[in-house]
Amino acid sequence: DQQVKQNSPSLSVQEGRISILNCDYTNSMFDYFLWYKKYPAEGPTFLISISSIKDKNEDGRFTVFLNKSAKHLSLHIVPSQPGDSAVYFCAASDGSSNTGKLIFGQGTTLQVKP
Amino acid sequence: EADIYQTPRYLVIGTGKKITLECSQTMGHDKMYWYQQDPGMELHLIHYSYGVNSTEKGDLSSESTVSRIRTEHFPLTLESARPSHTSQYLCASSEFGGGLAGSPYNEQFFGPGTRLTVL
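In order, the protein sequence lines correspond to chains G and H. Residues -1 to 112 in our numbering are what the first sequence lists, from first letter to last. Residues 309 to 427 in our numbering are what the second sequence lists, from first letter to last.
So here's chain H without its partners, still in its complex pose (with noise of 0.2 Å):
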């Protein structure tokens, strides 16, 4: 069972307001994920961290930042929301390595996500 947690699951906010969605996991995984999705659309990397004090930027290009000063915690902060930013924010983890038979390969753990809309 994983165990991975979000919030707010919903969120409704005026423009130029600061945010910050909340992502915890209480499985030890070392790796942890930032996505953003928009319906209809694939799942896209904004952030991804490998450890305390790792973060990398994703694939996506994203006015957010992240921070991973605890094991557990991964917040993700906007710091002036616009209506572009409205989206799914979905957060996850992983292990670092260590899948099946010494494989590399881990499946990622989901948060429920974060439904943002900026007005």
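Looking at chain G on its own, in the form it has when it is part of the complex (with noise of 0.2 Å):
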């Protein structure tokens, strides 16, 4: 049973135009959340987090917004360059457990075209 889902494999964008990455989750302990980004043959690079007390946090070009009602998040690139082209894991985190553990969804491919 997948607890965070990221029910779309892979989005296209053109170079300037705002990418939007979705994900989904079942389980409602869940308090944090995490962005990676993946390059092929690279481990993930940590992108921006949101704790469950909040709707938004924005870092530069980057936006996730939560909705906790909805147990659903999203990442937003504004505006999105070439470069931004990588496979894109949301994750979360139960804090209550105190393991640091994270559960990942499957990824979204996104390709930013010039």
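Every clue listed holds true.
Facing chain H, according to a computed beta carbon distance under 7 Å, are these residues of chain G, among others: (1) Leu32; (2) Glu40; (3) Gly41; (4) Phe44; (5) Gly98; (6) Phe102; (7) Gly103; (8) Gln104.
Under the rule of at most 25 Å between Cα atoms (straight-line distance), these lysine-lysine pairs were calculated in the DSS-like manner: (9) Lys69/G / Lys52/G; (10) Lys52/G / Lys99/G; (11) Lys3/G / Lys365/H; (12) Lys54/G / Lys36/G; (13) Lys36/G / Lys3/G; (14) Lys99/G / Lys365/H.
Using C-beta positions, here's what the derived DEER-type ranges look like: (15) Gln12/G / Pro391/H: 40 to 46 Å; (16) Ser26/G / Asn361/H: 30 to 36 Å; (17) Lys66/G / Ser392/H: 37 to 43 Å; (18) Tyr37/G / Ser388/H: 30 to 36 Å.
Quick caveat, the hints were computed from the structure, so don't treat them as lab data. Heads up, the beta-carbon is just placed ideally off N, CA and C, and yes, glycines get one too.
Got two chains here, separate frames each, mind docking them using the hints?
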């Protein structure tokens, strides 16, 4: 039973436009969410995070939105650049477990066309 | 800048061989993790450690074993490699608590991964 789902395997966007990547979760105990970016043959790189006490967190071109009632979060990239082309993973954590364990989604491959 | 290293980056080996994947970090992090990932799939946690002499099985059953006798070092061993072990293995580390504004959360920093192919 997958607790974190990224239902879009791929997304293609024109350079300069907005990219929106979506993520859904089922476990109501999750209270911390992260986005990672991964290039082929490399490890994931942390992008941005949000705790459940917030509904928005912004860092430069990246903004994460959290809708707790819908158990949904999204990552917005504005403006999109060709260098943003990569696989994006959503991850979630249950802070009360105190393990630091992350549960990952399957990833969405973003292609930004010049 | 995260400093976490994995060797080898790529390994092609025959069935039945014993292999050890190395992972080291220079950040002094207490928590370390091993994930297994196949293309188009999520990262699956196979082992984690809270600190020296602490190791736990992850959410995905794995025939591999790990050890943590030094804070900075978290190697993963397969006693007898099989084709089903072909995958990418990712090592990560994080601080124990002490996140933003005293929260218990910390992002995990990942190494570059080892791509293992067992023939």
